[in-house]
Amino acid sequence: MTDAPLPRAFFDRPVELVAPDLLGRVLTHDTPSGTVAVRVTETEAYAGPLDPASHAYRGRTPRVEVMFGPPGHAYVYFTYGMHFCVNLVCGPPGTASAVLLRAGEVVAGAETAAARRLRSSARDLARGPARLCQALGIVREHNGLDVCSGGPLRISSGDSAPASVLSGPRVGVSSAKDVPWRYWIEDDPFVSPYRAHVPRRRRPGAAGKSVP
DNA sequence: AGGGGGATCTCCT
DNA sequence: GGAGATCCCCCTA
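Just so we're on the same page, the working numbering is the position in the first sequence counted from 1, plus 1216.
There may be inaccurate statements among the hints.
[Stated by the list, open to error] Derived CB-CB ranges, DEER-like: (1) D1246 <-> D1375: 16 to 22 Å; (2) D1375 <-> A1338: 16 to 22 Å; (3) L1334 <-> S1391: 31 to 37 Å; (4) S1249 <-> T1295: 22 to 28 Å; (5) S1390 <-> G1297: 33 to 39 Å; (6) F1294 <-> S1249: 16 to 22 Å; (7) R1274 <-> A1324: 37 to 43 Å; (8) D1246 <-> S1390: 17 to 23 Å.
Keep in mind that the hints were calculated from the coordinates and are not lab data.
The beta carbon of each residue, even a glycine, is placed where N, CA and C say it ideally should be.
Modelling step: build the complete structure from the supplied sequences, incorporating the hints.
Here you go:
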């Protein structure tokens, strides 16, 4: 295992390459109430202004300013009046693409995470994008943090690459449903439960187009 | 200035 | 399986 942060170059690539590569990586957050670490099991890729499902679709607005900045920073947004979700920005400045962290397994600081998620089972502590943020203590003020520079919010390579990665349509988006840019670790119990999966084996270089 | 919709979660039936 | 919670953002007038 290594605790060294992923290099910024890791994120300076096309988002559909970064998203599957983030599976198995470990996101860690130090706060006064404790340190929590999550092994990522599920991600989604959102491309820039040309992706109708992306928050950057309507161009550069105050909310998505971080998306248009340099790679390796956290884009945190607030939704449904009560939840936060976290993305990691990809590509050169101006690209405005990002990977949503949809689910993970708490691998350190489970007591701290459980205190933030009062009625959650151990399995559900970070099993969903808003649950993951709550378990890690990620809120609005963490928008824009650099995860590559060894700060309080950082991502490291993790123990090992997942054995098998599947991909399918993104969750909860009302446009570009056919783009299979959701990625998850096959048979991992910490993948989010909210939509039936339409499993499809991901082949090298196959990201971007779907088949019924 | 108003309004519609949202990359969700939890509890209830 | 379904509705309610509950704020913010952005578009339109």
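Right, here's what the structure says about each hint:
no.	hint	in the structure
1	D1246 <-> D1375: 16 to 22 Å	20 Å, holds
2	D1375 <-> A1338: 16 to 22 Å	19 Å, holds
3	L1334 <-> S1391: 31 to 37 Å	35 Å, holds
4	S1249 <-> T1295: 22 to 28 Å	24 Å, holds
5	S1390 <-> G1297: 33 to 39 Å	18 Å, violated
6	F1294 <-> S1249: 16 to 22 Å	21 Å, holds
7	R1274 <-> A1324: 37 to 43 Å	38 Å, holds
8	D1246 <-> S1390: 17 to 23 Å	37 Å, violated
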